[in-house]
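Residue numbers (numbering that gives the first Met the number 0), protein chains in the order written: chain A, 0 to 267; chain B, 0 to 273.
Everything labelled a hint here was simulated from the structure, so no lab data went into it.
Quick caveat: nothing in here was measured; it's all calculated off a predicted structure.
Do not rely on the hints blindly, as some may be mistaken.
Restraint ranges, calculated between C-beta atoms of paired labels, are given here [claimed, not checked]:
(1) B:P119 to A:H257: 16 to 24 Å
(2) A:W267 to B:S156: 32 to 40 Å
(3) A:G28 to B:Q157: 16 to 24 Å
(4) B:S251 to A:A4: 19 to 27 Å
(5) B:E72 to A:V32: 31 to 39 Å
(6) A:A71 to B:T123: 55 to 63 Å
(7) A:A4 to B:P86: 23 to 31 Å
(8) B:S166 to A:G249: 40 to 48 Å
(9) A:E157 to B:H133: 52 to 60 Å
(10) A:S224 to B:P119: 49 to 57 Å
(11) B:T123 to A:A27: 18 to 26 Å
(12) B:R106 to A:T215: 43 to 51 Å
(13) B:S166 to A:Y65: 34 to 42 Å
(14) A:R250 to B:V101: 48 to 56 Å
Note that beta-carbon positions come from the ideal geometry of N, C-alpha and C, so glycine has one too.
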Amino acid sequence: MTATAETAPVLALGDDALVLSHRLGEWAGHAPVLEEEVALANIALDLLGQARVLLSLVGDEDELAYLREERAFRNCQLVEQPNGDFAHTIARQLYFSTYQHLLYARLAAAGDGSGPLAALAAKAVKEVAYHQDHARQWTLRLGDGTDESHRRMQRGCESLWRFTGELFQPLGGAQGPAEDVRPGSRPGGVGDGGLGDGGLVVDWAALEADWLSSVTAVLEEATLSVPDGPRRGAWSAGAGRQGVHTEAFGRMLAEMQHLHRSHPGASW
Amino acid sequence: MSRSHTEGIRHAHADGTPQEGAPTADGRTTETGGQQAETGGRTAKTGGRTAEAGGRTGVPARPDGAATALEAELHRLAGAVPDPELPVLSLEELGVLRSVQVLGPDRVEVVLTPTYTGCPAVETMATDIERVLHAHGIPQVSVRRVLSPPWTTDDISQEGLRKLRESGIAPPRTRHAAGPVPVSLGPTRTRPGSSAGGGSSAGGGSSAGGASAPGRRPGHPCGPHGTAAVPKAVRCPHCGSADTELLSRFSSTACKALRRCLACREPFDHFKEL
Numbered sequence: 000m001t002a003t004a005e006t007a008p009v010l011a012l013g014d015d016a017l018v019l020s021h022r023l024g025e026w027a028g029h030a031p032v033l034e035e036e037v038a039l040a041n042i043a044l045d046l047l048g049q050a051r052v053l054l055s056l057v058g059d060e061d062e063l064a065y066l067r068e069e070r071a072f073r074n075c076q077l078v079e080q081p082n083g084d085f086a087h088t089i090a091r092q093l094y095f096s097t098y099q100h101l102l103y104a105r106l107a108a109a110g111d112g113s114g115p116l117a118a119l120a121a122k123a124v125k126e127v128a129y130h131q132d133h134a135r136q137w138t139l140r141l142g143d144g145t146d147e148s149h150r151r152m153q154r155g156c157e158s159l160w161r162f163t164g165e166l167f168q169p170l171g172g173a174q175g176p177a178e179d180v181r182p183g184s185r186p187g188g189v190g191d192g193g194l195g196d197g198g199l200v201v202d203w204a205a206l207e208a209d210w211l212s213s214v215t216a217v218l219e220e221a222t223l224s225v226p227d228g229p230r231r232g233a234w235s236a237g238a239g240r241q242g243v244h245t246e247a248f249g250r251m252l253a254e255m256q257h258l259h260r261s262h263p264g265a266s267w
Numbered sequence: 000m001s002r003s004h005t006e007g008i009r010h011a012h013a014d015g016t017p018q019e020g021a022p023t024a025d026g027r028t029t030e031t032g033g034q035q036a037e038t039g040g041r042t043a044k045t046g047g048r049t050a051e052a053g054g055r056t057g058v059p060a061r062p063d064g065a066a067t068a069l070e071a072e073l074h075r076l077a078g079a080v081p082d083p084e085l086p087v088l089s090l091e092e093l094g095v096l097r098s099v100q101v102l103g104p105d106r107v108e109v110v111l112t113p114t115y116t117g118c119p120a121v122e123t124m125a126t127d128i129e130r131v132l133h134a135h136g137i138p139q140v141s142v143r144r145v146l147s148p149p150w151t152t153d154d155i156s157q158e159g160l161r162k163l164r165e166s167g168i169a170p171p172r173t174r175h176a177a178g179p180v181p182v183s184l185g186p187t188r189t190r191p192g193s194s195a196g197g198g199s200s201a202g203g204g205s206s207a208g209g210a211s212a213p214g215r216r217p218g219h220p221c222g223p224h225g226t227a228a229v230p231k232a233v234r235c236p237h238c239g240s241a242d243t244e245l246l247s248r249f250s251s252t253a254c255k256a257l258r259r260c261l262a263c264r265e266p267f268d269h270f271k272e273l
């Protein structure tokens with residue numbers, strides 16, 4: 000599977016949605032309360048719907064989801080991180096849904112400038128607004144809750160912080176070593192859109208600034224401190240857009256793909 | 000570029016908003032046909048669909064009155080199909096049926112839009128529509144799925160809203176004029192004097208509520224910035240009380256939230272504004 004310059008961003012966003020959907024689905028049967036189980040499953044369903052549309056723009060959705068090897072996935076490393084405890088999942092949701100909401104709003108606003116992504120972005124931005132709301136509410140409740148919930152929420156936010164810099168890489172950068180496409184060191188000017196972004200026009204620096212201010216506001220209101228660890232550079236994480244993934248991702252894929260691979264073409 | 004982002008957003012929604020007044024869905028589907036041609040991989044064959052969509056873009060959209068009698072009849076039949084998850088509503092009342100077009104002597108294309116991108120009911124809707132139109136003597140029925148312009152709860156008809164309420168589901172509140180769904184940071188529980196669980200939501204809510212809604216109306220989800228119009232309370236579909244609380248943002252389906260009435264104590268689903 001080689002993505003062209005035009006399909007690379009679609010594939011990256013499709014993989015984000017697919018992988019996070021699967022991770023959230025893992026909560027079925029394990030969530031702390033029934034309402035949350037249903038909520039996480041519904042968010043997973045929204046993301047799966049987005050993934051199906053996006054992957055279908057690139058090729059056959061089933062082949063892409065079930066028959067690719069780990070290195071062919073272009074999702075960011077944040078979404079593949081294991082669920083951890085509930086606070087950890089909520090921290091992942093807060094970081095990712097805030098990013099997705101800001102990005103989809105821009106893609107929807109750019110209209111034709113977003114190419115095939117425009118229609119999906121305009122549709123999904125409204126769904127993602129609810130995901131973000133869900134994550135914010137829980138962040139507030141856990142952060143400003145008991146000592147234990149505060150401690151765990153803080154821990155979740157901190158352990159995932161180093162994965163958040165990757166979100167603001169241009170989406171098409173499949174070539175070159177990972178260091179070259181990190182924010183701040185990428186070639187080309189802001190919003191040039193033609194280099195490694197498949198023609199998308201996204202001002203990644205502005206997106207990152209908005210993301211930081213939105214996440215900071217929620218964390219502060221939740222009495223949590225904004226993590227001060229690195230989000231870029233040698234001690235940060237994130238080369239998922241180049242197909243380099245963390246250890247847990249292989250096991251997740253094995254579980255996600257084994258049925259389809261064991262029984263090709265099976266249906267019910 | 001960056002400076003125009005927000006203008007762009009407003010513009011995009013301004014584009015979408017007049018749809019309510021537009022007499023027909025034809026214009027929007029032909030506009031989006033090209034873009035969406037490949038998204039519904041499960042519904043129809045890709046190759047043929049792309050060609051059709053491309054071809055139809057050249058055909059000027061007909062005003063509603065120009066639909067043939069057959070098309071109107073088929074639209075009525077397809078529109079009368081009940082929603083698989085909310086069978087009290089027809090597809091027409093739900094507002095997901097975009098157009099029905101006769102493409103040839105035996106060939107009809109139906110255009111559907113999903114409520115949510117991942118709504119699993121769309122496939123059942125398509126099958127049901129095909130069955131009904133087959134029974135009406137149309138041998139070839141293709142159901143095409145489009146995302147654009149996005150469906151909103153404003154597309155539910157007045158009749159649909161009434162039926163929802165009668166079946167125990169609080170209908171979506173009307174009409175955020177434009178823009179994405181306002182994200183609220185308020186308390187889930189709005190009864191005066193009660194404290195939300197953990198104290199956190201209450202803390203967050205009282206500041207937000209104080210800023211935007213001095214009265215702290217029951218059931219008011221507290222817009223965080225106080226800019227948008229204060230949403231109306233979600234009323235209990237059973238007793239009509241506005242004193243209700245949110246239990247979960249996601250209920251039996253993604254399109255509904257779970258609430259509880261604090262007057263009659265009944266839990267109920269609320270069709271979320273989208």
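Now for the hints, and whether the structure bears them out:
1. B:P119 to A:H257: 16 to 24 Å: holds (23 Å)
2. A:W267 to B:S156: 32 to 40 Å: holds (35 Å)
3. A:G28 to B:Q157: 16 to 24 Å: About 41 Å separates the Cβ atoms of A:G28 and B:Q157, which means 16 to 24 Å is violated.
4. B:S251 to A:A4: 19 to 27 Å: violated (42 Å)
5. B:E72 to A:V32: 31 to 39 Å: Distance hint for B:E72, A:V32 is violated at roughly 50 Å.
6. A:A71 to B:T123: 55 to 63 Å: Taking Cβ atoms as reference, A:A71 and B:T123 lie about 33 Å apart, which means the hint is violated.
7. A:A4 to B:P86: 23 to 31 Å: Since A:A4 and B:P86 have Cβ atoms about 46 Å apart, the given range 23 to 31 Å is violated.
8. B:S166 to A:G249: 40 to 48 Å: holds (47 Å)
9. A:E157 to B:H133: 52 to 60 Å: 59 Å Cβ-Cβ, so the 52 to 60 Å window holds.
10. A:S224 to B:P119: 49 to 57 Å: violated (41 Å)
11. B:T123 to A:A27: 18 to 26 Å: holds (22 Å)
12. B:R106 to A:T215: 43 to 51 Å: This hint is violated: roughly 56 Å between Cβ atoms.
13. B:S166 to A:Y65: 34 to 42 Å: At roughly 39 Å between Cβ atoms, A:Y65 and B:S166 fall inside 34 to 42 Å, so the hint holds.
14. A:R250 to B:V101: 48 to 56 Å: holds (52 Å)
In summary, the numbered hints that this structure violates are 3, 4, 5, 6, 7, 10 and 12.
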